[in-house]
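The residues making up each chain are set out below.
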Amino acid sequence: MEQFPAVKRSKDGQPIQYLIVDDSVFARKNLGRIIDSFGGKVAGEAGDGLTAITEYERLKPDIVLMDITMPQMEGIEAAEKIVQKDPHARVVMVSSVGYQENIVAALQRGARHFVQKPVKPEVLYEVIKYVLGEDGVAAGATGAGV
Amino acid sequence: MSQFSDDPAAELRDLFFETAGELLQALNEDALKLEKAPADEDVIRSMRRTVHTLKGDAAAAGFQQLSELAHVLEDALAIEARAENPSLAELGFVAADTFASMLAAYRAETALPDTSAVRRLVQDLASQPQPGSVPTAKSISSGGQAKWTEYEKLSAETAASQGKKILHVVAQLDPLCAMPIAARQLLVNALSGLAEILAARPEPGSAVQGQAIELLVATSEPESAIAAKCRIPTVITTVECFEPARGNAPIMAPADGQAAATARPGPRSTAAAIGAASPVRRAAGGETILRVDAERIDNVLNLIGEMIIGKSMLQQALEEYTSRFSRDPLRSRLQDAMAMQARVLNDLQRSVMKIRMVPVEQLFRRFPRMVRDLGQRCNKSVELIVRGENTDVDKSLLDAIAEPLTHIVRNAISHGLESAEERTRAGKPAAGRIHLDASHQANQLIVEVTDDGRGIDVRKVKARAIESGLVRADEVERLSNAQVLDLIFRPGFSTADEITEVSGRGVGLDVVGSVLHRLKGSVEVETRPGQGTKFRLKLPLTLAITKALLFRIAQRLYAIPLNTVIEIARARESDLHRVDRWEVVELRGQVLPLIRLEERSGEEIATSDRRIFVLVIQPAERKIGLIVDAIEGEEELVLKPLDDEALDTDLVTGASVLGDGRVVLILNQAALLERFLASPADSPSTGAIMAAVAGRGSGVASGVGQ
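For the protein sequence lines, the chains are A and B, in the order given.
Positions in the first sequence are counted from 1; adding 398 to them yields this note's numbering.
Positions in the second sequence are counted from 1; adding 8 to them yields this note's numbering.
FYI, nobody ran anything at the bench for these hints, they're computed from the structure.
Keep in mind that a hint or two might mislead.
[As the list claims (entries may be wrong)] Dumping the calculated DSSO-like pairs for lysine-lysine here, alpha-carbon to alpha-carbon at most 30 angstroms: (1) B:K237 / A:K483; (2) A:K518 / B:K237; (3) B:K528 / B:K542; (4) A:K439 / A:K483.
[To be verified] Pulled a few chain A residues facing chain B out of the computed Cβ check, cut under 10 angstroms: (5) F424; (6) Q498; (7) V513.
Each residue gets a CB set at the ideal place from its N, CA and C atoms; glycine is no exception.
Hey, can you work out the whole structure from these sequences and the hints?
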């Protein structure tokens, strides 16, 4: 897999911590691999929205990658709940094109960005940099992300 | 911002449907005026304003096609030189119909109808020489394609007047991003706090989604900051940001005529378009400020009903308390509190009732257009005269009578009125007249449809009724004319078109009969050969809560709405006289015919010296007296309608529960009178009503009297 200049936290130079939320184990592993290629660290995984909320509380990750359709609690609601508790939470919705409406709803409820499935690493990379803004630094890059 | 499946959006759409209905009504009315006075520029302007509003509303509700068609029409109406063009009225009608069927299609989520009739008319109009008119097309700014609606322009102007800078943002969508609406939302998010989004394209649900997202924003930030914020990786590639005024004013850019150019002749003719028009549901009054689902009001009303029952429970408990502890000082305090509660409850109920009332004009408004269209189709000139349009009526009742009333009016035009030649021969004015009257009488709503046509031929009705198997030949001769005419409302009396040739009446009139029956109302026909016909609909105002007089007849408890009781008189049975078939009593020098529900032989009555009460009621023009044994008092009753299975008689309008749990039946005095009047022809069967009312009799009472 293509390697990207590693993105680190600008405050302490540590890898970015991710929480991956998807009911498909395959999708989680796939995202994990991509995150590895960004130099990030998968802090935790969740297979449904409810778990996602508790895991977010416990792990306080820098970024949440959130699927839309899941059992127990859908991604939109989970995203909303997470952002309600922590307004600084960076939730990126990950979904296929057919769920555009749900993405819009999630964005209206505080999600920061979205990525289409199947996830293209270079797209996710740009999204991550954008979402992190000044809180993230790409190794080898001269400054902060966009 | 509008969303997808959210409730606010659905509510917005509902609101749109309702207001659009009103706009179409206004459009129809203007077109009617224009037909009479084609040169009236005020009317054209008003028409254009209406179309303009429709355009903006439709766009805001997300109905692009309708908005676009309205836009085409608005342009067509724009030019002063259009005045005195007779086809403008026609255009108005066709457009109103097309909009109506588009609305219906949107509502039912079916395919949109053909709009070519309107477009062709607009094109015809445009191809006519327009002295002094100059093409109005203007180019739009370099990148921007968006046409902002009037609302959006207005909000831009407002923001500008508050010292904000207005920017038109054109953000090119990343070709890899397949979700323009999500991208749009992201842009909106990105700008939150920096700029106020006044408008955005593409709109959710729009069929064609361009490669650019366009925003109209108001901001205090520099353009560069806005543009920078809009460059969102993976979603937006390039961003253009400019003040609309500089870019050749897209804000103010009027129609560019492009929409009109897409007009294409369709296969359907104008007439077909008219025929296909589905009537738009009438919306609530024009100046209503708040629109609420009627169901919500009904809920409140129901709850008030329950409170009233609770109140009478308290009242009875208090009475018992008073009799037990008559010296207790608490008693008067309780009484004061009760009195206050009763007063407030009363006011509350009346306020809620008032919410439901609307002027009958809301229904009558649709008739001028209908009469015009139908008159044209039947090749008859018809004049419609409407009276009493301010009569207040319960909204649900108004909706319910719309269909029967339409049937009657339609019948009056197509069959009741003669052709112009026939009328002239008969010495009548060539134009037929239809009167539409509404009024209150006692607690009834009266709606009359009167035509000055040929009248109904009773002999033909008789023949037809026998033919349809409704009556036997020997029976029919015993029927009064009124009874014969009643037959036309019976299902099975006619099969549509056949009857129009036979009697000239009958199409769908059984609908009238059944609806009126369901509403516990009645319909009467008066006809005079050669002079015309009058249909009179009588409806109870169906007040869910009514003050009623409780009384007993033969140990059984009944009620009648208090406002129908004119007077309560006392008498002895020995005071009663018999005139012809009726029992009568002399009341202050006047002879009052009486109804007796109880079965008693004449002999019994003559020898009885029993004290009785006579309730004087006046369901119609005539006063009649109802003989009752005892008066129980008055009480507020919450009317619980009875379904037809529970009680197969129209003599009872409903039932109610008293504070102590007793059930009381509420008599339908109009039906009582009807039976009373109908009875003489039949053999007296005095107990039949009692039987029917008490639910014992399986058949419907056939008579009262004796």
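Each hint tested on the structure:
no., hint, result
1, B:K237 / A:K483, "holds, 26 angstroms"
2, A:K518 / B:K237, "holds, 23 angstroms"
3, B:K528 / B:K542, "holds, 20 angstroms"
4, A:K439 / A:K483, "holds, 23 angstroms"
5, F424, "violated, 22 angstroms"
6, Q498, "holds, 5 angstroms"
7, V513, "holds, 8 angstroms"
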